[in-house]
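Asker: Sequence:
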Amino acid sequence: MVWSLWYDGQPAAAYGFSQASAFDPDHWQAWAFGTDRFRRCVPAITRHLLEIREIVERDCRRLQVITLNDHDIAHGWIEALGATREGRLKAYGRGGEDYYVYAWVRGDKRP
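Take 1 as the starting number for the sequence shown in my numbering and just add one per residue.
Read the hints as simulated data drawn from the structure, not as lab findings.
Ideal Cβ positions, reconstructed from N, Cα and C, are used throughout, including at glycine.
Heads up, a few of these hints could be off.
[Claimed, not checked] Pair ranges (Cβ atoms, derived):
| hint | residue 1 | residue 2 | range |
| --- | --- | --- | --- |
| 1 | LEU50 | GLN29 | 17 to 23 Å |
| 2 | THR35 | ARG106 | 28 to 34 Å |
| 3 | GLY95 | ARG61 | 30 to 36 Å |
| 4 | TRP6 | ASP108 | 30 to 36 Å |
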């Protein structure tokens, strides 16, 4: 599943889900990236994610996202959407940056 958003006639953001493992179709990986205008797309992306929440909860046992450890805005947004920070991936990035793993797991309580 892949979506993109345009702002003022230019691509500004893309996001989606894919299976995290060929052996476990109920385990998904979420991803998102964008230009400097990504922040303007967050309300539309959030509305869309809330609209498809039932589909995701029905078809996905675990949805995880990996995010750069100093991206506080992303962390707040992901947590507001109900994800739980599960751990730190030390030196995960190509430049040795640390990342965090967040996940939504079917059956967990959410806001």
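Asker: State for each hint whether it applies.
Answerer: Quick rundown of the hints versus the structure:
| no. | hint | in the structure |
| --- | --- | --- |
| 1 | LEU50 <-> GLN29: 17 to 23 Å | holds (20 Å) |
| 2 | THR35 <-> ARG106: 28 to 34 Å | holds (33 Å) |
| 3 | GLY95 <-> ARG61: 30 to 36 Å | holds (33 Å) |
| 4 | TRP6 <-> ASP108: 30 to 36 Å | holds (34 Å) |
Going down the numbered hints, you'll see the structure goes against none, and every one checks out.
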